[in-house]
Amino acid sequence: MGGNDDTGADNANQGDKSEQNPFGVKEDAPLEVVIFNGGYGEDYAKAHEAMYNEKWPKAKITHSATQEISKTLQPRFVDGSPPDVVNNSGAGQIDQGGLVSQGALTDLTPLLDAPSLDVPGKKVRDTLLPGVVDVGSYDGKFYVLNISYTTYGIWYSSKLFADKGWTYPKTWDEHIALCRTIKAAGTAPWTYAGKHPRYMSWPVIATAIKFGGLDVAKNIDNLEPNAWKSDAMKTAADAWHQIVKDGFILAGTPGLDHVQSQTAWCQGKAAFISCGSWLENEQKAVTPAGFNMVVAPTPSLGASDKLPFEAIRGTASEPFIVPAKAKNAPGGLEYFRTMLSMKGAKDFTGKVSALSVVAGSADGANLGPGLSSVVKALEASGSNGFNWVYQNYYRKLERELVDAACGEFFSGRIGPAEFLDQCQKGADSIAKDTSIKKYKRA
Amino acid sequence: MTVTTERPAAATPVSQERKLRREWGIANVFSHGFLVLWALLTTFPLLWVLISSFKNDTEILSDPWGLPSALRFENWARAWTEAHIGRYFLNSAVVVAGSLTLTMLFGAAAAYVFARYEFRFRQVFYYLFVGGMMFPVFLALVPLFFVVRNAGLLNTWPGLMIVYAGYSLPFTVFFLTAFFRTLPESVAEAALLDGCGHFRLFFRVMLPMARPGLISIGIFNFLSHWNQFILPQVLMQGDESKQVLAQGLATLAVSQGYEGDYSGLFAGLTIAMLPVLAVYILFQRQIQSGLTAGQLK
Amino acid sequence: MRHGKFPLIITFLVPPLLLYGIFVLSPYVQAFQISTTDWGGYTADANYVGFDNFTRLFRDDYVWNAIQNNAILLAVVPLVTIAFGLFFATMLNMGGRGGKAGVSGVRGTAAYRLVYFFPQVLSVVIIAVVWREVYHPNNGLLNGLLKPLGINGPTWLGDPKYAFWCVLAVMVWSNVGFYVVLFGAAMQAIPRDIYEAVLLDGASRFVTLVRITIPLLWDTVQVAWIYLAIAALDGFILVQLMTDGGPNHSSDVIGLRMYNTAFGTDTRFGYASAIGVVMFFLTLSVAVLALRASKRDRIEYS
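Top line first, the protein sequences correspond to chains Z, B and W. Residues in the first sequence are numbered consecutively from 1, following the working numbering. Residues in the second sequence are numbered consecutively from 1, following the working numbering. Residues in the third sequence are numbered consecutively from 1, following the working numbering.
Extracted from the complex, chain Z is given alone in its bound form:
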């Protein structure tokens, strides 16, 4: 296998550090950026690159976009000649836990402690929304910068609800009662991405966290013994089992993929769907005019819930990394600082209609109904927001093992106890596997 030039290039492209130049960018050092060419396209990145060039006019920027991040870049990582900035996203994303465990990434902590480019008196760290640092950290070190803020919740059409006189339920009992009403009205209460049933693991875990507190998530993230079979998870799974038992799910749902189920939902064939805040953008082409999709938190199980109804899962997505062997790592960090400037963040929100992780960057922006509801939900949730990160540590656990269990559970082939057993078995198999590096959430 390839090159051994470890010590690398960093000396060659290391300039002097200063107040204006906290990472020591060498002014003529070239910068290579590889963008995932997915739903966000690549234009937003070109804008960021132009901003970088404004400050560093002598730097030559090489831009490329691909959909196959891992296959395209793997040989270059091995060769020790990776790009300086990688937007590690999409279906062909490189498993982040794997990258971290191999020491292939640059620690981004200096970025957090550097001053923001255009928010006076603040460090970059202080301009970020809550949870952004947490979700990119592995064993306390910040390796992955996610630039898009994402909310996970339950979506419905506020127009449909207004027309029918339905109100979004705040408690579980109201939810079940409403499902009965909806079903009686001839609509299916629920549908989900049958081929990616992990989408339904999100409301189950969220319900459990709101019921049992933040430790529910932390134990799952840390692969604690029987974390999946905690009382909170049991109560949540029992509750959700109701929508399967009572036939509240659109017939045929297990055979639909995410696009098909979301399309059925947009056509009014089902009332609720579980998704993240990319939904509005993803459904742009098929959403009927006036559909008015909005997001809401999962219903509370009861008065004894540890978190209020408004608490919602907020996290950062759309990961960016600087490889450890990047020729111009200081330039990579500086590029990140450019993305996280207020100007860069506002431009991002404007171009891709998604929230940036920079606090306040959506103010005054012209957002669609879905994204506006996300902003409102986040405000209401405030400091009660929660998140979990096991899927970042152990991609396989969510994508394969929990996914499979959810499929069985929500198609009614297994009950809640077996569902949690199967999830736990998956978590245990990861925990036992000595070839997988383990992380602890702080």
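The set of hints was computed from the structure by calculation and includes no laboratory data. On a predicted model such as this, the values are computed, not experimentally measured, just so you know. Think of the CB as a built atom: it goes at the ideal place given N, C-alpha and C, for glycine as much as any other residue. Take these hints with a grain of salt, some might be off.
[What the hints assert, rightly or not] Partial selection, computed: residues in chain Z whose CB lies under 10 angstroms from chain B:
id, residue
1, Leu73
2, Gln74
3, Arg76
4, Val78
5, Trp166
6, Lys234
7, Thr263
8, Gln283
9, Lys284
10, Val286
[Claimed, not checked] Below, in silico cross-link-like pairs of lysine-lysine (DSS-like), each with a Cα-Cα straight-line distance of 25 angstroms or less:
id, chain 1, residue 1, chain 2, residue 2
11, Z, Lys245, W, Lys161
12, W, Lys5, Z, Lys183
13, W, Lys161, Z, Lys425
14, Z, Lys60, B, Lys242
15, B, Lys242, Z, Lys46
16, W, Lys147, Z, Lys269
17, Z, Lys245, Z, Lys218
Once you have looked at the hints, place chains B and W on chain Z.
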């Protein structure tokens, strides 16, 4: 008691023939039914792609089986210009022309030697070649990347041509060896007795006789080279202007979880599909004539 | 054993061998080496771990589940595809107007031969997209056809009882066309008078197929068999696009397992290479077995 109530089926030749014809007749109804059914099964996806290339995204997603409300040729235009399908198309043609020539030349030569000559380690070499069919390509990608780079062929068309040819050789050699073996021994012997040299024998006698086999494997290789995706993705990533069609289509294709240009995708696919179809239609005649020629021997 | 044989052998064999050795064999050999390491795929560091990956593999239930599915594919796909291919090729070449007036294809042979080839020109991505819509539980063609018959169709790809077989059917569907052409080409090479003689003797079409056509095509059938067997052992792209191995791993195959281990949910290239090595030996043994079992005297009709 032998000759009591004989069934009339102790038949005259005429009635036997009639019965035979009826049997064929019933079978024909069934068989024809199958033929037609299969024809429908294979046609409709192609039509579906074609029809979808005229629809807009809403129509594609919410009414997958419906007809387009208008013939939107702008989808095609968008695929051709914005996604540079035209350029990728030419690139693919150049690469496949080179790789196919190389594959057929090397494959036929090696297969001929394996099929027709005795020499030491013949079996070893043969199985070395054929064994290559049984290993998944993508596990060799990283080592391959370095081999190609060290040969100075990274991000070049000759690099792609050579690599395509290399990975097609196992099946080509396997297939053509079997084919050369079926050709009659006697012709070759007669030619050699007439004083024909070994090279002349190959190019003048054996190669023309093997035409049906060459055409079959040629089509097969053409299709696999034309649709090759993983290899160019890894070996031709630097220079966008040199990328091939499959890469261009992938850029259009929808990645999981992201909003994509469905109508552009279908238009691009239609554009990509047509030449393959054209090549097949053209070669279909070649097959016929090649085979007739083979029978004249 | 005539003079001048070796110049030809050397000129014909050495260039292909060099190309193949450098660009195919050497990367494969390196992949074998990787299977004995814990290489993670994104740095140059790899530690030798001996046979660890292989012992892990033998205890990995998911791998065994995938191998089991491949075994079914291996048994079913070549058989059904070749049966269809032979049947259609026979019809197209000699299905026409019954026993008497010699041997000819059915009416419209050329059109059929064209249409049957269509799946070959579609990329796998499109095949997957089309069939996902066919299998759509609510709007799909399949359930649309069943509804008038009073049958409430299953969810197909969403049901572990059916998902695997649905993918298998698509695999057969996409392959048959090529083998119709292949067998058709080989059949054309069979002298007509053989058939005419047999048919005059009053043999049924089935008997003709089994007694005459298949033995004469045996080499071609064998090639088809081995190729389809290899395709069945690999063929993960279709599975990945249609079901991604689900629901609940019911349609998982070894290629997908390997792919996910290397590029998907893991970056364990050492382990993935070990799965690849096992797959290599499995395919190899299948091919050798197939060749052994099918060794017959070659029929020459010159």
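A quick look at each hint next to the structure:
no. : hint                  : in the structure
1   : Leu73                 : holds, 9 angstroms
2   : Gln74                 : holds, 6 angstroms
3   : Arg76                 : holds, 8 angstroms
4   : Val78                 : holds, 6 angstroms
5   : Trp166                : violated, 23 angstroms
6   : Lys234                : violated, 30 angstroms
7   : Thr263                : holds, 5 angstroms
8   : Gln283                : holds, 8 angstroms
9   : Lys284                : holds, 6 angstroms
10  : Val286                : holds, 5 angstroms
11  : Lys245(Z) x Lys161(W) : holds, 20 angstroms
12  : Lys5(W) x Lys183(Z)   : violated, 82 angstroms
13  : Lys161(W) x Lys425(Z) : holds, 23 angstroms
14  : Lys60(Z) x Lys242(B)  : holds, 22 angstroms
15  : Lys242(B) x Lys46(Z)  : holds, 22 angstroms
16  : Lys147(W) x Lys269(Z) : holds, 19 angstroms
17  : Lys245(Z) x Lys218(Z) : violated, 30 angstroms
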